[in-house]
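S.K.: Residues per chain are reported as follows:
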Amino acid sequence: MIAVLALALGVAAGIFFEPTVPLGLLPYLPIAVVAALDAVFGGVRAKLDGIFDDKQFVVSFVSNVLVAALIVYLGDQLGVGSQLSTGVVVVLGVRIFGNVAAIRRHLFRA
Amino acid sequence: MTVRRDDLLGDLFRTPLDPGYAAAAARRAETGAPPPRWGRWARAAALALLGFLLAVAYHQAVAEAPGASRARDNLVADVRARQRTTEDLQRRADELRAQVDQARDDALADGDSAARLKQLAAGIGTGRVTGDGAVVRVVDAPPKVDPVTGKTDDENLGLVLDRDLQDIANALWQSGAEAIAVNGQRLTSTSTIRAAGGVILVDFKPVTSPYDVAAIGPGDLADTFGRSATAKRFKRYVDSYRMQFGVRARKALVLNAAPEPPLRYAHPPSPSVSGSPSVSPTVSTSGGHR
Numbered sequence: 437m438i439a440v441l442a443l444a445l446g447v448a449a450g451i452f453f454e455p456t457v458p459l460g461l462l463p464y465l466p467i468a469v470v471a472a473l474d475a476v477f478g479g480v481r482a483k484l485d486g487i488f489d490d491k492q493f494v495v496s497f498v499s500n501v502l503v504a505a506l507i508v509y510l511g512d513q514l515g516v517g518s519q520l521s522t523g524v525v526v527v528l529g530v531r532i533f534g535n536v537a538a539i540r541r542h543l544f545r546a
Numbered sequence: 119m120t121v122r123r124d125d126l127l128g129d130l131f132r133t134p135l136d137p138g139y140a141a142a143a144a145r146r147a148e149t150g151a152p153p154p155r156w157g158r159w160a161r162a163a164a165l166a167l168l169g170f171l172l173a174v175a176y177h178q179a180v181a182e183a184p185g186a187s188r189a190r191d192n193l194v195a196d197v198r199a200r201q202r203t204t205e206d207l208q209r210r211a212d213e214l215r216a217q218v219d220q221a222r223d224d225a226l227a228d229g230d231s232a233a234r235l236k237q238l239a240a241g242i243g244t245g246r247v248t249g250d251g252a253v254v255r256v257v258d259a260p261p262k263v264d265p266v267t268g269k270t271d272d273e274n275l276g277l278v279l280d281r282d283l284q285d286i287a288n289a290l291w292q293s294g295a296e297a298i299a300v301n302g303q304r305l306t307s308t309s310t311i312r313a314a315g316g317v318i319l320v321d322f323k324p325v326t327s328p329y330d331v332a333a334i335g336p337g338d339l340a341d342t343f344g345r346s347a348t349a350k351r352f353k354r355y356v357d358s359y360r361m362q363f364g365v366r367a368r369k370a371l372v373l374n375a376a377p378e379p380p381l382r383y384a385h386p387p388s389p390s391v392s393g394s395p396s397v398s399p400t401v402s403t404s405g406g407h408r
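Protein sequence lines, in the order shown, are assigned to chains A and B. For the first sequence, this note's numbering begins at 437 and goes up steadily by one. For the second sequence, this note's numbering begins at 119 and goes up steadily by one.
These aren't lab readings, by the way, just hints derived from the structure by calculation. Note that CB positions come from ideal geometry on N, CA and C, so glycine has one too. Not one of these hints is a red herring.
From chain B, some residues computed to sit far from chain A (all C-beta separations above 10 Å):
#, residue
1, Thr203
2, Gln217
3, Ala225
4, Gly229
5, Ala232
6, Arg246
7, Val263
8, Thr267
9, Leu275
10, Gly276
11, Ser327
12, Asp330
13, Gln362
14, Pro387
Covered stretches of chain A, as calculated for chain B (at least 3 residues, CB under 8 Å):
#, segment
15, 446-459
16, 462-471
17, 482-490
18, 493-499
19, 521-534
Let the hints inform the model, and build the full structure from the sequences given.
M.R.: What follows is the structure in structure tokens.
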């Protein structure tokens, strides 16, 4: 319950303040979103598995976002930014897909 | 089944869940310690951050995508507004020209010279004329569409070029036309038909497909033109490039006057030489001083 409320609050804050993203951070935004989604789906799955842990969730959330941004930044500096972003998206995409499949099995038993 | 620990990709596909969760659960089961109190708030903060991130990313994506189309819409609106202004100015110029003509006719009490002036103006294109003649219509070929991808082919050989309109106009003159207008733009002795950036300009005013070249001339103008080499060439274009081309005789055509070309460097000769006292030596404010 508190989780849903917090999520709604965050969305409302984002809509309400309409912050302008600095140009330098713009390339990291999509990757950060994908990394955050990965952490969230992992958390939901852990919850359904009955092994959810707050510390693990928060740490994985923050580190996922930071590491994803760091990889993209590193790639940009090395001139392989788009390839590395693709790699990050593929890895996170695979993980999200696997976790969502597990959630689906939990919810629908199929 | 043995799992090789260094199989990174296989690991990734098999265990999408962070192993940290399982480890934490095992540790908790071992020690039996309750989860820390700050946990829920940290979780809530992380989720609020996620919501914020999602909203910002969505906002960014929405704000970015229509930027290009918005700029384009603004440009289109600009173009429309300018076109309206041009049309207004053109209408005003026509009104003023009619007034000038009227005033000149009034001033020239001598009906003979007024009629002669009108005749001359009609001849050179700065006077309205009416009469029977022919209309030649050429239309750009439709762009080729790829049946598979639905994309239009950039290369269209059936587009009407400035040269084509020049040829048609010249062939019409040759066939005995006395007055010609392209899409309402009357041609004079100093008119130009040329292309600039894919647009055909007649006297620096853009004309677009379909192009109607109207000409007033002898009764057999349409037939004479239809037999000309230019017309035959365009009929070939119709077959090979799907350009559209047609010649029709038309009764009671009305061709508008062309704007009088502003003379910047040329003067009529001074009064003493020409012997006509009404001509002023400076024609910068050109009205009816001819």
